[in-house]
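J.: Here are the chains, one letter per residue:
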Amino acid sequence: MDICKLSATEMAACLRSHELSATEIAKASLERIQKVEGTVDAFLTVTEDEALAAAAKVDAQIAAGEQLAPLAGIPVGIKDNICTKGVRTTCASRMLENFVPPYDATVIEKLKAQGAVLTGKTNMDEFAMGSSCENSYFKPTRNPWDITRVPGGSSGGSAAAVAACEVPLSLGSDTGGSVRCPASFCGVVGLKPTYGAVSRYGLVAFASSLDQIGPFGRTVDDVSLLFDAISGEDKTHDATSKAGNFAARIREVKGLRIGLPKEYFGEGISEEVRAAVLKAVEEYRAMGAEIIEVSLPSTPYALSAYYIIASAEASSNLGRYDGVKYGFCGDRGGSLTDMYETTRSEGFGDEVQRRIMLGTYVLSSGYYDAYYKRAKLLQQNIAKEFEEAFTKCDFMITPVNPTTAFKLGENVNDPVAMYMADVCTINVNIAGLPGLSIPCGLGKGNLPIGLQMIGPKWSEGVLLGAAKCYETAVGGFAVKEM
Amino acid sequence: MNEKYEVIVGLEVHAELCTKTKIFCSCKNSFGAEVNTQCCPVCMGMPGTLPVLNKQVVDYAILMGHALNCSINRVTKQDRKNYFYPDLPKSYQISQFDIPLCEHGYLDILVGDEEKRIGITRIHIEEDAGKLIHADGFEGTLADYNRCGVPLIEIVSEPDLRGAEDAKAYLEAITSILLYLGISDAKMQEGSVRADVNVSVRPVGQKQFGTRTEMKNVNSFGAVFRAIQYEAARQIDVLEQGGVIEQETRRWDDANGVSVLMRSKEDAQDYRYFPDPDLLTFVVSEQHVQQLKDSVPELPVAKTLRYVKNFGLVRVDAELLASNKARAAFYDSCVSTGKNDPKLVANWIMGDIAKYLNENRIEINDTALTVENLTDMIALIEKGTISNTAGKTVLEIILKEDRKPGDIVVQQGLGQISDDSVLQNIVDEMIAANAKAVEDFKKGKTNAVGFLVGQCMRASKGKGNPGILRDMVVAALEKL
Amino acid sequence: MDIKRLAKLARLRIPEEKYAKMESDMEGIVRMVENLPDLSSDGALIDLNNTMELREDEIKPSTPRDEILANAPKAVAGCIVVPKTVE
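Protein chains in written order, with this note's numbering: chain G, 951 to 1432; chain P, 11 to 490; chain Y, 247 to 333.
Keep in mind the hints are simulated off the structure, nothing from the lab.
Please read these numbers as outputs of a predicted model, since none were measured by experiment.
By construction, the Cβ of each residue, glycine as well, lies at the ideal position given by its N, Cα and C atoms.
Hints are not guaranteed to be accurate.
[What the hints assert, rightly or not] Examples of chain P residues toward chain Y, derived with CB under 7 Å:
{"no.": "1", "residue": "Ser36"}
{"no.": "2", "residue": "Leu63"}
{"no.": "3", "residue": "Asn64"}
{"no.": "4", "residue": "Gln66"}
{"no.": "5", "residue": "Phe94"}
{"no.": "6", "residue": "Asp108"}
{"no.": "7", "residue": "Leu290"}
{"no.": "8", "residue": "Thr291"}
[As the list claims (entries may be wrong)] For lysine-lysine, the following BS3-like pairs were computed, each having C-alpha atoms within a straight-line distance of at most 25 Å:
{"no.": "9", "chain 1": "G", "residue 1": "Lys1062", "chain 2": "Y", "residue 2": "Lys306"}
{"no.": "10", "chain 1": "P", "residue 1": "Lys471", "chain 2": "P", "residue 2": "Lys414"}
{"no.": "11", "chain 1": "Y", "residue 1": "Lys330", "chain 2": "P", "residue 2": "Lys141"}
{"no.": "12", "chain 1": "Y", "residue 1": "Lys264", "chain 2": "Y", "residue 2": "Lys250"}
{"no.": "13", "chain 1": "P", "residue 1": "Lys38", "chain 2": "Y", "residue 2": "Lys306"}
{"no.": "14", "chain 1": "Y", "residue 1": "Lys306", "chain 2": "G", "residue 2": "Lys1185"}
{"no.": "15", "chain 1": "G", "residue 1": "Lys1394", "chain 2": "G", "residue 2": "Lys1357"}
{"no.": "16", "chain 1": "G", "residue 1": "Lys1089", "chain 2": "Y", "residue 2": "Lys267"}
[Claimed, not checked] Rough simulated footprint, nothing fancy, chain P against chain G, three-plus residues with beta-carbon under 8 Å:
{"no.": "17", "stretch": "1046 to 1060"}
{"no.": "18", "stretch": "1145 to 1159"}
{"no.": "19", "stretch": "1257 to 1267"}
{"no.": "20", "stretch": "1308 to 1319"}
Full structure from sequences and hints, please.
T.: Below, the structure written as structure tokens:
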């Protein structure tokens, strides 16, 4: 048995039937990491000792006949912008190269409480700004399906690690598509939960009003399992978190109305992506779902609203990296201002600096009303349009990305072209909705294509249930042999 | 001060609230702890941390809003004020920008004999910054973050104050209200109350305000007074010499008694305010706002006026008594027993008791004194059972122990002797023993009476009723 | 767009050789984000559909000082050190 190819759900069953020990699973995962990392480069830090210690604890629990939590003994990769006590958390930035958090993020506390085995911290675009994982200060991650191509971003390491079977599960974060885009490029399942469904405490902020932590897995059930473990209100730490009821998962799609927003199938979406998504839609129709067309007229403006809001918040959130309390510090020989400027211009990469500049611009005196306030008002309109559309349908299906994974280096010199990759995903963050990316076939060059399901707030149970129906109907999702 | 000009002052008072915890995290809110020991990842602005607003901060700010007759914005939010400084870990301060919790209020103050109404523009909640320490001979600056996240309210006045006297009275009224409400320690010397002072001048009779300057770092009542006087004089000087006042921020250097330029208008900061996305809109219920309003106690100015009107206290005394919350409350309790003349009670509290408290640097609630014991003691004097002098002796005891004044009088034999036969004997003895005084009296020196009464009091060990003794002495002398 | 002023506000130093690129990048991005419909409102940005609860005023232990200072580039005598802020 190739342990690494097992899903988390299968691993959990093997632990309970004593076919496998947690240590065997952890070792298999660590060996797989050792074997493929040279090609994939998904991890920035591998926490072998901690992983083995956590696994040993689970084995002791098993030996003592104790009840196991759902994620006990399951290896999980963590995006390197989620704080882990005592384990460096870099955000793939020179700025935090040596930052070791003195606390655990709420999601990490929850995973540890379940006995999950955290195998390491995964690569990403610096401070989660990017769609290709090339903006990492340390190294680019490669797409396991074609190592000359990007895994997508910004949670590229988390998606690639799951696609390459280094871990069955991982956590990413999604501000404008950063879970769904790499899930789609790497042919895995990725969920961006409803805003507030998962505590953001310990997630290093990019754009606070859009950021959400989300799970990756190779199967819908695995993503469900991890989502159940991390979701829930966090009153003590996150004022924006809310309690949701996700327990009920639908089991069939018969009679459900699926909306196809026409604005998501127009110009700019490649033919193979459109065809694959529509083929999946036909699958749903065959299962008894009703397919209707819906409209989200503000879609053409979403990119503007997104970049204004996200950059404005980022410019403020990243002010704290000033060389004083933690992180990289530039030359201290001069004045305070010199130290600030050296620290920030040497510690941040180009993309981060561009976004800080844009954010500073749209908030600055005289421009606030024209940009930031207008974008926030547009955000309310977009949310209303979704609400209205959801009176006509139960959820929507759209492409995740306009194309399949592009080549490393292909878009690095054109920030605007790179931003266009997010065009289908950002609206979901702007409206605070859940969005699920699942594989829906392979395109040219055997590259995965993703399908996005968008539901009303707190409809994760519907999305995951409907995704599971599709997964079953197509006989499961392809896994890349490496 | 040049009488051709009117001095216009507006104050921005920052008061630290005495909540148990900080505004956005559960670290203890305390003054004077060892450096960087009252900190956590949240108040240190560590990556990934989030603020959660303390309910008590909102309640305290609303209380102050009610005390200053403000309207309360029940639906409000928090905004970020972005700027870089090493005492500000997140590089933004969480404050309130366009919707302050309270606004459009006023405060009546007493300046001399005049009552003035000062407009309150707004009160908002925000977090305090850390403390920078400049050690002599040390290369850099040291940062202590204990104070980061201590809750503040900023109280902004209208430019209704006319000079340093007004500003001082306003500041005293504000601090005494803070203490009355129990929401701040209001100690300027510890920095728990700080003021930014806006000053402008204009020729008397001119309607339009002159250009104002803002002075930061004004940290005591005296400094506020001196800073305003200095700055007004400086501006008048500039105008008199044909110059123009520049809108600028200045730092008050109290040690040298001068204000120095910090930054000019051109360097004005662009704070890039925007709603804090980590903190959502918050709503305070109408019922809760009303409950808070109902819990606001009678405030110093109202108390002063009541003491003058109902109890006949002198204005200065009434104001002094009312300005101390603990003593005023004790006084009110005493008066409400109806046992004594309110004026007499005020005399005791502001006289012997205040002296004792000041000498020992304690407050009235730190003593063993009870309302019952004090009022009983004063009643004994009013009934003539003990003398004023004996009253002082009783007071010394009841300040330290909860004992009944009646019992003390009996045990220590402090009761006045009103028995005529006993007193008559003393008078006869004293007249016999002081022939010189008797001679003086006969020569018309009436102060000899006082001397003889004094001798009688001594002979009675202070217990003789001085009124009866005086009558007896006079009668005996006239008989001679 | 005043790149120099913005950089100063954001405490970034843009070296001469990168200045032209930054300027053209920023112009491209701003052109992109200017695609917004005409929306305006006099009111403040308040979202009544999304409100928060407040926290009770209860003390929890602070973090030990050595953990608080462990990541600081420079610390002396329990304090973090920065370049002199006053003359």
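J.: Confirm or reject each hint.
T.: Now for the hints, and whether the structure bears them out:
1. Ser36: At 4 Å from the nearest chain Y Cβ, serine 36(P) passes the 7 Å test, so the hint holds.
2. Leu63: holds (5 Å)
3. Asn64: holds (5 Å)
4. Gln66: holds (4 Å)
5. Phe94: holds (5 Å)
6. Asp108: holds (5 Å)
7. Leu290: Where the cut-off is 7 Å and the nearest Cβ of chain Y is about 4 Å from leucine 290(P), the hint holds.
8. Thr291: Check passed: Cβ of threonine 291(P) comes within 5 Å of chain Y, closer than 7 Å.
9. Lys1062(G) x Lys306(Y): Holds - the C-alpha atoms of lysine 306(Y) and lysine 1062(G) are around 22 Å apart, at most 25 Å.
10. Lys471(P) x Lys414(P): OK: lysine 471(P) and lysine 414(P) at ~22 Å, within 25 Å.
11. Lys330(Y) x Lys141(P): holds (13 Å)
12. Lys264(Y) x Lys250(Y): Roughly 12 Å separates the two Cα atoms, so the pair holds.
13. Lys38(P) x Lys306(Y): The given pair, whose Cα atoms are some 7 Å apart, holds under the 25 Å limit.
14. Lys306(Y) x Lys1185(G): holds (15 Å)
15. Lys1394(G) x Lys1357(G): holds (13 Å)
16. Lys1089(G) x Lys267(Y): Measuring from Cα to Cα gives roughly 23 Å; hence the hint holds.
17. 1046 to 1060: holds (count 6)
18. 1145 to 1159: holds (count 9)
19. 1257 to 1267: Our answer is that it holds, as 4 residues pass the Cβ test (under 8 Å) against chain P, meeting three.
20. 1308 to 1319: holds (count 5)
The earlier numbered hints are all upheld by this structure, with none contradicted.
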